[in-house]
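There are 2 protein chains.
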Amino acid sequence: MELLMHFCQCKLRTVLPRTLSRVGRRNHHCTPQSFHSVHASSKPVAPTPLVSRLFQPSNLREGQEVGDMTCRSQRLMLQAGLIHLSNPGCFYYLPAALRSMEKLVRLIDEEMQAIGGQKVDMPALCAAELWKRSGRWELMGKEMFRLQDRHNIDYCLGPTHEEAVTELLASQSTLSYKQLPLLLYQVTRKFRDEQKPKFGLLRGREFYMKDMYSFDYSEEAALHTYQSVCHAYGRLLDRLGLRWVQVQADTGNIGGTLSHEFHLPAEVGEDRLLMCENCGFSANVETLEAGQTDCPQCHTAPFTESKGIEVGHTFYLGTKYSQVFNATFTNAQNKLAMSVMGCFGLGVTRILAASLEVLSSEDSIRWPGLLAPYQVCILPPKKGSKASEAVHLAEDLVQNIGNILPNLKGEVVMDDRTQLTIGKRMKDANRLGYPYVVVVGQKAMEENPVFEVVCQQSGETVFLSRDALLDLLSNVETV
Amino acid sequence: MELLMHFCQCKLRTVLPRTLSRVGRRNHHCTPQSFHSVHASSKPVAPTPLVSRLFQPSNLREGQEVGDMTCRSQRLMLQAGLIHLSNPGCFYYLPAALRSMEKLVRLIDEEMQAIGGQKVDMPALCAAELWKRSGRWELMGKEMFRLQDRHNIDYCLGPTHEEAVTELLASQSTLSYKQLPLLLYQVTRKFRDEQKPKFGLLRGREFYMKDMYSFDYSEEAALHTYQSVCHAYGRLLDRLGLRWVQVQADTGNIGGTLSHEFHLPAEVGEDRLLMCENCGFSANVETLEAGQTDCPQCHTAPFTESKGIEVGHTFYLGTKYSQVFNATFTNAQNKLAMSVMGCFGLGVTRILAASLEVLSSEDSIRWPGLLAPYQVCILPPKKGSKASEAVHLAEDLVQNIGNILPNLKGEVVMDDRTQLTIGKRMKDANRLGYPYVVVVGQKAMEENPVFEVVCQQSGETVFLSRDALLDLLSNVETV
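Chain order of the listed sequences is A and B.
By the numbering used here, the letter at position 315 of the first sequence is numbered 315, and the numbering carries on one by one without gaps.
By the numbering used here, the letter at position 339 of the second sequence is numbered 339, and the numbering carries on one by one without gaps.
Bound-form chain A, shown alone (with noise of 0.2 Å):
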C-alpha cells in the first residue's frame, strides 16, 4: 500500500462553524502528516434503486407537450419519464433511458469488436478547412451547425467524421497493408441542424450515433469487411429481437457508389421499401426510376411496400476520401497505395426510440429484453395489508438475486411506494415495461412461500416457489 499524504481542508470550520466543522471532521483526515490510504482499494457498493427515489418523474408524463409532430415512441418515452426536451430537436436523457442506451452501447461494443472494430474518439467540433478539401462544406448546406472559436476560424459540429478519420490516418506514413483491414469506430453525439425535428429520438438535431469507417488494401479486401460489417448489424437487430430488412440506398451527400440501409418496418417510417416477393431484390423507392413497378432484377414479380425507420445505413466509398487526403499504405511490394475505404452507420438513440416504437402498446412500453433499463421489479405488499408482514421475504429476494445471480447484478429495483396497492403499482410497472415483475402478496404467507411473477415480454402470469424463481431469472441475458 502507498503512502500518500492529504492535506486537508479545515477552512470550513470558520466559514460556517456548526454544520460544516462537524461534515469535515467525519470525513477528512484534518492533520497533514503522513498517513496510509486504508481505503485505496475499497469498491463502494451501489445501493438497491428503489422507484421512490428514481428520477423518472410521473409529472412530466402528463404534463409535457407532445406537440403535432409526434409517435408512439416519442409520447410514451416523455410520458415514462424517460427523456424531456430540451430544445427543439435536443433531448434530457432521463436515468431510466441512459441505462437502456449504455446497455446498447456495450451490445454495438461487441459487435464492432468481435469483426476486429477498434474504438475511438474524435471530436465534434471539425476544422471547415477539412471539409472544403472534400467539398461538403458548400454542400451540406444548412443541415450543418457551423461557428466560429474567438480566432474567427470556421467549424462544423460533425455530424459524420468521414474527413476527420481519413485525415488521421493520411497522417501516419507508415500504415502497412499487413495492418489492413483498419475499422476505426465511435459512438458520439452528433449534430445535425434539422429544418423540422420530430419523432422524438426518431428524428432530432442532437442525437447518439455508431460511426465506423473502414480502411483496406484492395477493391475486393472492402467489399469483404463492407459484408462482415452488413452481417454484424443484422446479427446485432437480430439480438435485440428486432424484425429488420435490409435494402439498396442512395448514397446521398456521403457518396461512394454502393449503399444499403437497414430498417424496421414500422408505420411511421419516412422511408418507403420495396421488396420483391420472387427474388428478394428490396431497395429503398427513391433508388428506382419514378413509375417503376416491377422488379428491377427479375422483372417479373409485382413489389410488396413497407414503411421504414432507417436505423443504419452502409456506403463502400472506394477511394473517394482516401484521395482527397492522400490516405495510403505500404503495399506488399513496397509501394504507397490509395487505401480503399467504406463507412457504417448506426442511429443508437434512434435504434432505442425505433424498437420502443415497433414492441410497445399504445400506453405500454415494451423493451428488446437486452436492453430493459432494469430486468426485474419487486413488489412488496402493501403497507397495512394481511400480507404485510411478508416484505422482508421481498428485501430478501432483492439480496438474493443480487448475490446469487451475476446476470442481474443491479438489474433488480423495488417498488417501495408501499403506500399504494399491488394492483397499482403492478398497472405502474406494465407499462413501464419491466421484463419481469415480482409480486410478494398473499401467497408469499403460506407455508411454502410461492411468488406471482409476471413475464411481460409474453404476457404469461406463474406463480414460483424462490427456487424456481432464482432458477427462472439466471436464465435472463444481460449485456
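These are calculated hints, taken from the structure and not from any lab test.
Just so you know, not all the hints are guaranteed correct.
Which copy? The list can't say, so a pair holds if one copy fits it or any two copies do.
Pairs of lysine-lysine residues, derived as BS3-like cross-links and limited to a Cα-Cα distance of at most 30 Å, are as follows [said to hold, decoys possible]:
#, residue 1, residue 2
1, K307, K386
2, K386, K198
3, K196, K132
4, K335, K132
5, K43, K382
6, K132, K382
7, K178, K198
8, K142, K132
Go by the hints and put chain B onto chain A.
Okay, now just chain B, sitting in the frame of chain A:
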C-alpha cells in the same frame, strides 16, 4: 424464439457480379420467406488483441509536432499513439486511450452511484435564453462557443449545465422532499473556447467532464451532500493511487458561497496552493488576500507552497440557480420551498492526463493500475530463436488467462511482432506501461516451464510457473 422475417439484398449480385454475389450469399438469407432467426442471441467473441493490429500508430510518436506549450503527459501520449491532435485543444482519442477513459468512467459511475447519483445526459446545445436568465450569457464572454441554428436562434455549446439541469427540475411540478437529496450527473463532452489551449488533455477546448448537480431540502442537508461528494472524490483518487490535496477555492463564474478544488500536486500545475503544516488549512492562493504570508486560520505557521493540477471542483450553490428557474419541491408542511443546490465537476480526460503526468517517467508511461488500457502483455519468443518452439505456451497462456480469470477478460495483449527480439519488444512494453509483462523465453523450454514476469508498477522481475503466474494475476484489480 420469435419468428422474424428478413428480406435480403440480392441486388448486390447484379451490381458487382463476381465479388459481391459471393459475399451476399454467404451472409444473407435470400429467400423472402419466414424463418427462425437461429443466431438471435448468440454472443460474438472478440479476437485476442495483437500488438501488430492495435491502432496505436508508432509514426505519430515521432512525426507529430508537439509545439512549445507542452508537458510530459502530452508528449508521452502523442508518442505512444494514445492521442492525436485535430484542432488546437481538440484531440482524437485513439483506442488505448479510449479504453483507459472508459475504465475511468466506470470507476466514476461506481463512486457516484454509491452515494445515490443517477446518471443522465443533457444536450450540448444550450439555448441562449436559459443562460440569459441566469445572467451568464454575458458573463462567460469569449470562453463560450456560441452559434445560431438555421432559424437564427442563439445557442451555446454547454461548458457546464447548471441552467439546463435546474430548468429540468423546475419542470417537475410534483417533486417531494421525500425524493431528496436528488443527485443527477452526466459524463459528457464539454466545450470551452480557451484563449491558448495547452498541455494536451490538461487544457483543451473539447474535453470530457463528469458534472453532478445536487438538490436538497435545507442548507444543512445540502452541506451534508456536499461533504458526501467530496468524500467520494477523495475515495476515487485514492483508488487510483494518486496523491491529492483538497483546497479552499474561488467560486468563479459558477457562483455560490463555498467551493473546493481537488488537485494533484505537480510542477506543471497552473494553480498555486498554500498549505499550513500546523492546522491543515489549505487554499488556492487566489482565495487569499495578496501578500498574505500567515495562515488565516491558526495565524502561526508558515505556508508550504505547491503547484497543482486541478482535477475536481465542488460548489455549494445555495439557491442561486433554483431561484432563477423556480426549482421548488413540496416540503413536509406541504408547501413549496426552494431547492438548495450544489454542483460538482471532475475532469475526466484531465484526470487521465494528470495521472500520467505525475506517475510516468520522462520516457515511460505509468498508469494508475485500474486505468491501464490492458493489464497484461505477453511476449512470445522471437521467430527462429532457440526458444521459438515455446510459442504455443504463449498462446495457451492467453487462452488460459481469458478462460480462468474473469477479472482479466479482454485485458491480455499478445505482442505478436515475433520478427523483433524480446529485448526490443520489452522496451516498447516498458514505454507503454502494461502493468504486467510476461516473457515466454528460454526458461519456458525447461521441463517445468517458467515465465519471466515484470511487474512494471514496482519494477520487480520474478520467475513463475504457469500456476503461480495465474495466481498472481488473479489478484489484479480491474474495473
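query = Which of the listed hints are not met by the structure?
reply = Those not satisfied are hints 1, 2, 5, 6, 7.
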